[in-house]
Amino acid sequence: MRRLRALEPLAWVGPAVVLIAVVVLWPVVEMIRSSFLQISRVGIVRGFNGLDNYDKLFAEKDFADVMVRSVIWVVAVVALTVLISLALAQLFNQRFPGRKVARWALIAPWAASVLMTAIVFKWMLDPEVGVINQIRLKLGLIDAMGGASADQLGDASTAMPWLVFVAVFVSVPFTTYALLAGLATIPTDVYEAAKMDGASWIRTYWSITLPLLRPALTVAALINVMNVFNSFPIIWAMTHGQPGYSTATSTILMFILKGSDIGESAAMSVVNFGMVLVITALFLKISRWNRAVA
Amino acid sequence: MRMRLVGGAALGLATALVLSSCGSSAPSTEGGDQAADGGQVTLKMVAADYGDGPGKPNSGETFWKGVVDEFQAANPNIKVDVQVINWNDIDTQVATMVQNGQVPDILQTGDYSGFVADQLLYKVDEVLSPATSADMLEKFAEFGKVDGTGYGIPFVSSARALFYNKELFAKAKITDPPKTWDELKAAAEKLKAAGVSQPFGLPLGQEEAQAESFLWMLGNGGGYKDDAGKWAINSPQNVETFGYLKGLVDAGLTTPNPGTKDRKTVWEDFGAGKVGMVNGGPMSIPIFDAAGLKDYGVAPIAGKAGPLDTTLGVMDWIMAFNKNGHAAEIKKFFDFFYTGTAAQKISDTYKLLPVTKGGIDKLSGDEKLKPFLDGLPNASFYPFQDPKWAEVNPQIKQIIGGAVKDDPAKVLGELQKTAEAS
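One line per chain: the protein sequences are B and E, in this order.
Add 2 to the 1-based position in the first sequence for my numbering, that's all there is to it.
Add 2 to the 1-based position in the second sequence for my numbering, that's all there is to it.
Simulated from the structure, these hints should not be mistaken for lab results.
Predicted, not measured: the structure shown is a model, and the values here were computed from it.
Ideal Cβ positions, reconstructed from N, Cα and C, are used throughout, including at glycine.
Hints are supplied without guarantee of correctness; some may be wrong.
[Claimed, not checked] Mimicking SDA-like on lysine to any residue, the simulated pairs with C-alpha atoms at most 20 Å apart in a straight line are:
hint, chain 1, residue 1, chain 2, residue 2
1, E, K390, B, G49
2, E, K353, E, L365
3, E, K419, B, D57
4, B, K58, E, A392
5, B, K63, E, P396
6, B, K260, E, Q212
7, E, K192, E, Q212
8, B, K58, E, D178
[What the hints assert, rightly or not] Just a few of them, taken from the derived set where beta-carbon distance is under 7 Å, the chain B residues facing chain E:
hint, residue
9, G45
10, G49
11, D153
Make the full structure from the sequences, and use the hints.
Spelled out as C-alpha cells, the structure:
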C-alpha cells in the first residue's frame, strides 16, 4: 500500500509527461530520423541515406547566403522590436488621457493573424494599385504606377526592409506588454531614492529601470528570437523568398526543399533546430539570465 | 486510496486519449474489403478541387456528388466515397496516406509518375475498357506511360494562347496581334508609348514560372529537353530566348521584376486593363470576366519567326491504386465517367479541356475555346515523367526569373546542373 502511494505523484505528472513525449519529443526524434532517410516524393521511404541529405543541403549554392541572411534577419527584427518596445512601454507606463484606448489599440497587430497582416501589406505595396505606392506617387517619389520603381517587393534591397518592418510590426505588441508588466513590478521607492540623490533621468533609466527590467527583457527577447527565426508566413506571403532565394531565410528554404526532397528538407529542419538551440544558449549566456538581479 | 484511484484513472484516461488520437487516423477498412453483405464494395476516391472551395456552388464536393449519385443508381453494389482536397494540400495529404499505407482506390490529381516506381498503381488496361482507351487523344495517352506501360489516365487538359486587350491595342494603333518576336516588341513599344504600364504580362514568379518559360522556349525551337530526350535547359536557343526577354524587361516593356510575379496577379492586372498582352488559358477566362474585361482577343502565341504551331499542354490525371484489389469496380466507374455526361460536365463547369476525341468534337463550336482546342492535338508537355523533373521544377519556379535580370546563360546553366546531378 505504502509503496503504491509512493507511485502516486507519477500518476499525476504522468499525463503531462506522456503528452510532452508524444507532442514534443517524438516529432523531434522523427525529424532527425527523416533527415537520414531517402524518401521518395510520394512518401515512400527508400532506405537509409547516411549523410547524403546533409551533403546535398550544404552543397546548395544558396545555402550559405540563406543562413547568413537568417541570422541578420533575426538580429535586425529582434533588436528593432526590443528598442521600439522599450520606448513604447515607457510611454504606456505614463499616465495620460486616452491611455486605455492606446493600450488597447496596440493589441490590434498582435490579435490579427500574421498571414493576414502580411497579405495586407503585400496589397498595399502592389505596384499597380497599392495604397503605399499611390501615396508615394502623390509625394512625387515615383513617376508612375506599375513600373519597376513602384515595385518594392520585386527587389531584395527594397523588399528586405519591408519584410523586417512587417515582422517588427507584429512583434512589438507582445514585447511591449511583456516589458510593461516588467515596469509595473519595479517598486516606486527606488525611484524616490534616486530622486533624493539627484540622479539625472538618463542615469535613473540606465542604472535602475534597465537592470530591474532585465528578467522581463530577457524573456521577451528570447521568445522573439525563436519566433522570428522560425517565422514563415510573412516572407512566404510577401515574396516567396524571391527574387531567386534573395529574401529567403532557412525556414523558407526548408519549405521550398520539401517540394523536391523531403529528406533534404528534414536535414534543413535539423540544422534550423540546432541553430535555435545555439542562438538560445548564446543569448542566455550573454544575458546571464540566471544571475540574481540587483 | 480514493486519491490513488483518481490518479490512476487520470493516467489511464490520458493514455487512452493519446492512443485514440493516434488511432483516429487509422483506416476504417470495413467498407474497403469484400464485405459479406451481398458483394457491396466501397471505392475510396481522392480528388482535387477545381472549384472555389467547399460551400461554393462549383465546389468539387458538389460536382462529385452529382457524378457519384448517378453512378450508384446504376450500380447499386458499388459505393464511391469521394474526399475532395484543395490543390495546395493534396500532394502532401496523399503522401501521408501512402506513408501510412492507407492509399485510396482512385486518385485524381496533377501527376501520377511518382507512384509508378513503387508499383502502387494498376496498369491502364486493367482498369479501362478498350473502347474508352481508344477514344483518348493518342498524344495524351502516350504521356500516361512509363517505359511503354500506361499507368496514368488523362483526366482533363488545358492549353495556352496569347490574350490581348483589344481596347488598348486600338489606343496604341496596333491592328493585329503579334506573330513574331519582332512584332511583339514593336507592339509592346507602341503600348508603352500609349501609357500602358505593363505592355506584356510576364509572370516568372513562383506560381507557374515553368509554364511561362516553356512557352517562350517553344517559340525558339527550344524546350527543357532536346529531341534526343536529354536535358537542354541551357541550350543556345534557350539562352537566346531569355536574352530576348531580358531585353524586353530592361526596356520596361513587361511586368516589373518578372521573377517575383505570380500568374494570378498578372492575369488580374490584365483583367483590370493594365496589361496589353499576356499568355493565358481557358482557366484565365473566368478571372478576366470577374475583373470586368470584355474586349479581348485570343491568338496563337508569337514565336521568334512565326506563331507557335504547338502550345503548352497541361494534363491532370486519374489513376487507380492496386492495394485493395478493386480493379473490376474501378473499371466500371472509369467507363461510366468517360462515356457518360461527367467528363463533359467537368469541362463545362471549370473551363477545362477534354482529353477524348469525342469530348473535343462536342466543344468545337465554342469560339473562345477554339484556339486552345486547335492546339491540343499537337501540344508540348513538361518532361514530368523524368524523375528529375520533381527536383528541377521547384528550382525553375524559384530562380528562372533571374535569367531575365542577370546573365541568362548562368542561371539556365545552374538549372541544367540541377537536372544533370545524379
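Note to self: Just to be careful, I want the Cα atoms of E/K419 and B/D57 compared with a cutoff of 20 Å; is the pair within it?
What the structure shows: 16 Å, holds
Item checked: Given pair status - E/P396, B/K63, alpha carbons within 20 Å -> 15 Å, holds
Item checked: B/K58 paired with E/D178 [C-alpha distance capped at 20 Å] -> The given pair, whose Cα atoms are some 50 Å apart, is violated under the 20 Å limit.
Margin query: Please check whether B/G49 passes as an interface residue: C-beta within 7 Å of a C-beta belonging to chain E.
Written below: 12 Å, violated
Note to self: Can you confirm whether the C-alpha distance between E/K390 and B/G49 stays at or below 20 Å?
What the structure shows: Satisfied, since the Cα-Cα distance of roughly 19 Å is no more than 20 Å.
Notebook entry, point to check: Holds or violated: are the alpha carbons of B/K260 and E/Q212 at most 20 Å from each other?
Noted result: Roughly 18 Å between the alpha carbons, so the hint for B/K260 and E/Q212 holds.
Item checked: Given pair status - E/Q212, E/K192, alpha carbons within 20 Å -> Answer violated: E/K192 to E/Q212 is near 28 Å, above 20 Å.
Check: Under the criterion that the straight-line Cα-Cα distance not exceed 20 Å, is the pair B/K58, E/A392 satisfied?
Finding: Cα-Cα ~16 Å, so holds.
Check: Does the interface hint hold: is B/D153 within less than 7 Å of chain E, judged Cβ to Cβ?
Finding: Holds, because the Cβ-Cβ distance from B/D153 to chain E comes to roughly 4 Å (cut-off 7 Å).
Notebook entry, point to check: Once the shortest beta carbon distance from B/G45 to chain E is found, is it less than 7 Å?
Noted result: 3 Å, holds
Checklist line | Pair hint outcome, E/K353 versus E/L365 [Cα-Cα no greater than 20 Å] | finding: 11 Å, holds
Hints 7, 8 and 10 from the earlier list are contradicted by this structure; the remaining hints agree with it.
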